[in-house]
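Residues per chain, in single letters:
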Amino acid sequence: DTGVSQDPRHKITKRGQNVTFRCDPISEHNRLYWYRQTLGQGPEFLTYFQNEAQLEKSRLLSDRFSAERPKGSFSTLEIQRTEQGDSAMYLCASSPADRGHQPQHFGDGTRLSIL
Amino acid sequence: DQQVKQNSPSLSVQEGRISILNCDYTNSMFDYFLWYKKYPAEGPTFLISISSIKDKNEDGRFTVFLNKSAKHLSLHIVPSQPGDSAVYFCAAIEDYNQGGKLIFGQGTELSVKP
Numbered sequence: 001d002t003g004v005s006q007d008p009r010h011k012i013t014k015r016g017q018n019v020t021f022r023c024d025p026i027s028e029h030n031r032l033y034w035y036r037q038t039l040g041q042g043p044e045f046l047t048y049f050q051n052e053a054q055l056e057k058s059r060l061l062s063d064r065f066s067a068e069r070p071k072g073s074f075s076t077l078e079i080q081r082t083e084q085g086d087s088a089m090y091l092c093a094s095s096p097a098d099r100g101h102q103p104q105h106f107g108d109g110t111r112l113s114i115l
Numbered sequence: 001d002q003q004v005k006q007n008s009p010s011l012s013v014q015e016g017r018i019s020i021l022n023c024d025y026t027n028s029m030f031d032y033f034l035w036y037k038k039y040p041a042e043g044p045t046f047l048i049s050i051s052s053i054k055d056k057n058e059d060g061r062f063t064v065f066l067n068k069s070a071k072h073l074s075l076h077i078v079p080s081q082p083g084d085s086a087v088y089f090c091a092a093i094e095d096y097n098q099g100g101k102l103i104f105g106q107g108t109e110l111s112v113k114p
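From first to last, the protein sequence lines are chains A and B.
Under the working numbering, the residues of the first sequence are numbered 1 to 115, in order.
Under the working numbering, the residues of the second sequence are numbered 1 to 114, in order.
Because the hints were derived from the structure by calculation, they are not lab data.
A hint or two may mislead.
DSSO-like cross-link-like pairs, simulated, lysine-lysine; straight-line CA separation at most 30 Å [claimed, not checked]: (1) LYS57/A <-> LYS113/B; (2) LYS11/A <-> LYS37/B; (3) LYS71/A <-> LYS5/B; (4) LYS113/B <-> LYS56/B.
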């Protein structure tokens, strides 16, 4: 069990550029979640996958955001035409779905800074 | 609307004493509650959880109490240690079988002084 891995840890980019983040969940965890955390707030839910199916998206996830989990393993989160307000910590979490209530395990996040 | 609220942004406690962190919620459909601890530059780490059918769950130095009628839960840490200094988040789940997304409070920063 190597934990949830996120890459990169930090991303600095200019406004208007596209960025992509990667998340590798704990192996055999079929649920994968993306959250966003801004300063002084708790993480906010963005979207969730069960295996390769994206089953829920928050209204926070504008058209500029897209997430994929093509083979039910790793996931990517892409932000197109970044804006200043996208600056945040993007957290990925995973959990098994078939063993009752199981806590989500989080990665260390990708910190995005928009110049 | 903030469905999960942690009204104390910070708490300072002496080493060896009890730390009590509080959390209030508004959605009576929440059926599972969790506490996470977060150190700077790291992701949240799961600490302890409680189902809505229980009123107490204990794990070592950590105990979570749930008062459903008051829509309130609290985390007790006894005895507090300097290594417990971190931001603590309360989180709730409305329906685990429908995805289990976590709804977090704003966090309480705990400082345990030697």
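Do the hints match the structure? See the list:
no.	hint	in the structure
1	LYS57/A <-> LYS113/B	violated, 42 Å
2	LYS11/A <-> LYS37/B	holds, 24 Å
3	LYS71/A <-> LYS5/B	violated, 37 Å
4	LYS113/B <-> LYS56/B	holds, 27 Å
Violation of the numbered hints given earlier is confined to hints 1, 3; the remaining hints are satisfied by the structure.
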